[in-house]
Amino acid sequence: MRTRKVLFLPAAAVFGFLFVWGLSGLPAFGDYRGPYGIVLAQVAVSERHATEVVGATTFDYRGFDTMGEEYILFAAVLGLVILLRQLREEREDEEEQQSDYDQRLEASDTLRVLGIGLVGPLILLGIYVVAHGHVTPGGGFQGGVILAAALMVVYLAGRYLAMKRVRPVPLVELAESGGAAGFVLVGVGGMIAGSAFLYNFLPLGEPGTLLSAGMIPLLNISVGLEVTAAFVLLISEFLDQQFVKGRDET
Amino acid sequence: MSFLPYAAAVWLFLIGLYGIVTSRHLVHLIVCLTVVQSSTYVLLLAIGYRAGAEAPIFADIPPETPVVDPVVQALTLTDVVVGATVSALLLGLTLQAQKRLGTVNPDEIGVLKG
Amino acid sequence: MTVLQAALLVLVALGGSAVVLVRDPLRQAIVAGIFGLLLALLFFAFQAPDVALSQIVVGSVALPLMIVLTLAKLARLRGSDE
Amino acid sequence: MGNLPALPVALPLLVAAALAATASFPWRRMADIVSLLTAVAVTVLCALLLARSASETLVYWYGGWQPRDGIALGISFVIDPIGAGLATFAGLLMSVALLFCWRYFESVNHIFHALMLVFLAAMIGFSLSGDLFNMFVFLELMTISAIALIAHDIGHRPPIEGALNFAVTNIVGSFLVLSGIGLIYGRTGALNLAQIGESLGQGTLDRLVIVAFALLVAGFFVKAGLVPFHFWLADAYAVAPTPVCILLAGVMSELGLYAIARIYWTAFGGVLGSHEAELQAILVGIGIFTALLGAVMCFLQHYLKRMLAFATVSYIGLFLVGIGLLTPDGLAGTAMYVLGDGLVKASLFVSVGILQHLRTRVDELRLWGLGRDLPFTGTIFVVGAFALAGLPPFGTFLGKSIIEEAALDQGYAWVPAFFMLASILTAGTVLRAAGRVFLGWGSVPESDPLSEQADLETEPEAEGARHRAPAVLFVPALGLLLMGLAVGIWPGLGRAAQEAAARFVDHQAYTTAVLYGLPAAQPPVWAPHALMGHGLLYALGSTVGALALALLALFGRNLPYRVSRRLVDVARAGSVRLRALHSGHPGDYVAWLTLGVAVLGGLFGLTLR
Chain R
1 MRTRKVLFLP AAAVFGFLFV WGLSGLPAFG DYRGPYGIVL AQVAVSERHA TEVVGATTFD
61 YRGFDTMGEE YILFAAVLGL VILLRQLREE REDEEEQQSD YDQRLEASDT LRVLGIGLVG
121 PLILLGIYVV AHGHVTPGGG FQGGVILAAA LMVVYLAGRY LAMKRVRPVP LVELAESGGA
181 AGFVLVGVGG MIAGSAFLYN FLPLGEPGTL LSAGMIPLLN ISVGLEVTAA FVLLISEFLD
241 QQFVKGRDET
Chain U
1 MSFLPYAAAV WLFLIGLYGI VTSRHLVHLI VCLTVVQSST YVLLLAIGYR AGAEAPIFAD
61 IPPETPVVDP VVQALTLTDV VVGATVSALL LGLTLQAQKR LGTVNPDEIG VLKG
Chain S
1 MTVLQAALLV LVALGGSAVV LVRDPLRQAI VAGIFGLLLA LLFFAFQAPD VALSQIVVGS
61 VALPLMIVLT LAKLARLRGS DE
Chain B
1 MGNLPALPVA LPLLVAAALA ATASFPWRRM ADIVSLLTAV AVTVLCALLL ARSASETLVY
61 WYGGWQPRDG IALGISFVID PIGAGLATFA GLLMSVALLF CWRYFESVNH IFHALMLVFL
121 AAMIGFSLSG DLFNMFVFLE LMTISAIALI AHDIGHRPPI EGALNFAVTN IVGSFLVLSG
181 IGLIYGRTGA LNLAQIGESL GQGTLDRLVI VAFALLVAGF FVKAGLVPFH FWLADAYAVA
241 PTPVCILLAG VMSELGLYAI ARIYWTAFGG VLGSHEAELQ AILVGIGIFT ALLGAVMCFL
301 QHYLKRMLAF ATVSYIGLFL VGIGLLTPDG LAGTAMYVLG DGLVKASLFV SVGILQHLRT
361 RVDELRLWGL GRDLPFTGTI FVVGAFALAG LPPFGTFLGK SIIEEAALDQ GYAWVPAFFM
421 LASILTAGTV LRAAGRVFLG WGSVPESDPL SEQADLETEP EAEGARHRAP AVLFVPALGL
481 LLMGLAVGIW PGLGRAAQEA AARFVDHQAY TTAVLYGLPA AQPPVWAPHA LMGHGLLYAL
541 GSTVGALALA LLALFGRNLP YRVSRRLVDV ARAGSVRLRA LHSGHPGDYV AWLTLGVAVL
601 GGLFGLTLR
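Protein chains in written order, with the working numbering: chain R, 1 to 250; chain U, 1 to 114; chain S, 1 to 82; chain B, 1 to 609.
Keep in mind that the hints are not guaranteed to be accurate.
[Unchecked claim] Simulated restraints, written as ranges between beta carbons of each label pair:
no. : chain 1 : residue 1 : chain 2 : residue 2 : range
1   : B       : Arg572    : R       : Leu7      : 22 to 32 Å
2   : S       : Ile34     : R       : Lys5      : 19 to 29 Å
3   : U       : Pro63     : B       : Leu518    : 44 to 54 Å
4   : S       : Arg27     : B       : Arg29     : 49 to 59 Å
5   : B       : Ser24     : U       : Gly102    : 30 to 40 Å
6   : R       : Phe17     : B       : Pro470    : 56 to 66 Å
7   : B       : Phe289    : R       : Phe17     : 18 to 28 Å
8   : B       : Arg68     : R       : Ser24     : 29 to 39 Å
9   : U       : Pro62     : R       : Pro27     : 19 to 29 Å
10  : R       : Ile116    : S       : Leu26     : 21 to 31 Å
[As the list claims (entries may be wrong)] No more than 25 Å apart at the CA atoms, straight line, and that leaves these computed lysine to any residue pairs for SDA-like:
no. : chain 1 : residue 1 : chain 2 : residue 2
11  : R       : Lys5      : B       : Gly64
12  : R       : Lys5      : R       : Val20
13  : R       : Lys5      : S       : Leu21
Since the hints were derived computationally from the structure, they do not count as laboratory data. No experiment lies behind these values; they were computed from the predicted model shown. The beta carbon of each residue, even a glycine, is placed where N, CA and C say it ideally should be.
Bound conformation, chain R alone (with noise of 0.2 Å):
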């Protein structure tokens, strides 16, 4: 530990210098003028009929980009769900016999209650955020995280059993494949109308309204649609090493 302190610590200082001294050739903070945004500031709304000038960036103008992280969570979540099934199964061998170990972990009555109401509205947020990405800040990324919390809720305000009613597994993995894959469809759906992969080829709509910039409501729904089937699962997976394993805790 000493030694890599001593090999650190001068390292990271001169780093640390030559990083500022990069950086005090930016433009000041706040002074910044960048040909880019500008003309896609100009340009989105009037092109693309949709007023969230960064929503129209990451799914038009750099959707290829979009495409990509999107993938990105896909692997992810595919790595992890390798790793912790591994585990998982590994002490389902040894633990089969006992089938009733959810039993303790169910919530009180009130918190229930509350939950219950919680997921309602959640899930209507969760919708809103998604489809108004064009139009408001928001989008599949963010409202596929507060749809996912939305069915968390409903673990904590029940049980683990009332969790997997809700989400059977296949159900998730098909739903998470299906995001990944709508985004590429909708690309191939430019190639198809004739013009560039992820060309926009849906009408465009009235700028502002729910029914506005062609496709990006289309890739929100997808995107949408992916995060919030691999958060489920990414929580889903964690929570089930849980109660594979809670049962020896007693």
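Using the hints, position chains U, S and B against chain R.
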């Protein structure tokens, strides 16, 4: 004063690295990695900021209003969500490390030496 | 730069340091949640509501939750080894 | 068909999603067939792109967003022969790896295949992209899918650690790249490489450009595994499943170097042009240092996969020398060398996989004499070792000769000697292992506690009959070796590489093609460098030297003592120190990484101003 955002970004990068280097717990190490990551967010958003400009959303502002750079925001917003899933993957590796190696202290792992 | 931005930047820098220096992982998860919230506030102050929204849902909810679940599992794994 | 460039990325991603969707209803053979067919189809698509790009650079704008007044609105693929060639190569190696998976392990399911296809798409996207941030996205995608693939085989201990070290260092490396992108974006307001190049070319070379370039280069060095960013590499390669090793060692590291070449000749070449000599010296120096350190570490290994991993480090150093010469000749030589070496090394990894399959161990000492009844595998292994040394007419020979000539042209007269040294050490080590394993040569070995520990953890990756190598394992090994030979004797390939390199470095033509849609008027007039006889001499030296080193290591263990006991003691103590540095500790690795950034940035800062 106008250098403060950049200084904060550099600081977060360095302190996060320091945490990784000195960490004695893999979960701690992973959280330090997210601190380094947040440095890149602060850096990108600070670069694209325009003094006195609005957020790049024309839902209720007139079309000619100056807005901050939308591109850096687009780059950052996806990365925030994706970064969390990457951390989840690393947390999964940590669980496996506890299971297979019996420890989550990087000082005690060292199977792959030489 | 506004006073709000400057104050948030200082808080974020301090928060990041705290996340690193708190060595107990469970406490660190809580500090990381607060740090995530501070970052989100900073992003709002930088006129980036989209990023701030991402940061709130991920940085101060999803990530701390996953960390806590991992720690709980780690404790159990450790218990079963002994 | 105008949309051809989008297909090699879109197709594997779509199939990956389909495979993951059916993960709950596993049908193993189906996954094998579908993923193999996809990889082959992608290879064909990339080859088509390669053929088309031979006459003119293809520019493809996603979303149909053509640039306006020189400002790129969207993301482009810019396809020239080197990028398309690399993509084709990635597809080819992926096809072989998936063929190898067929019988490789029993326990894989659809998710493994899905991750392989995502990894393939990421490598191809990275090779073809003309946008800096888009390259970053594919870099991340490559990293994340590779983490999952390395960790896939977690039935035993080391993969966890290898995957962790890989993940931590590479993710920090990607933050360096992202910070560099931020700096460049703050200056130019652009993410498109051609536009960045145009914008930077109008400005001056100042601290921001230097630091941004240093951050980007350091980040890509992490991916490539240059010293001192290389520590993760041996850990990850040593533990990854063999099919994944083929891709990691054959393409992924090389992509890190490709990125440096790409950003230099599109974005930074103009503004850094006045300091070419200094940059050249730094890159060549780092390359040689890496080549030697990797070669020495390779010689000290007994664990075969880790041995090949350090050989990879060593050759990455040689490739950096080729690119760092900053001439089309050096680049052409590197392209050939990467091709030849990737195929040969993949063949060696497959041979090691066969040993692991049949003998359930991967350590040279513990395998002593156990390969005597495996004449075919042994022959492939030995020929592979000679090919690694650059034996004519393998592709490695041609590539290395072109780089050596280019180095002589640039006044680096000492470079060929170091190339020879690195080749002797790495190939000699592999030959030593071959002698021990397949011929039972040498004395009964004293055991190496470190390698033994690692070997205890190794379980057979494949199941089934243990007497003969199944054809699906053997055919790839032979095929890869033959392809490595074909690269060397295919008439005109060397010349094509030189033409491709000449186009690659022509950044004026790149910019006009990307931003203004004008095809390069004429491929630059190019007089290919006639190869002198030196190369043959060096190759002979490397081959004989490698053989001599192997024999010395096997039979002449006491010889060095007779020369000088003192020297041997010093060397032994040094090697213990050197091995101790490779501690397997992620904290150490990140500390070294920080030091590397500081040194690299410091060198750039001092010399490039």
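Those earlier numbered hints the structure runs against, lowest number first: As far as the earlier hints go, 3, 11 are violated by this structure, in ascending order.
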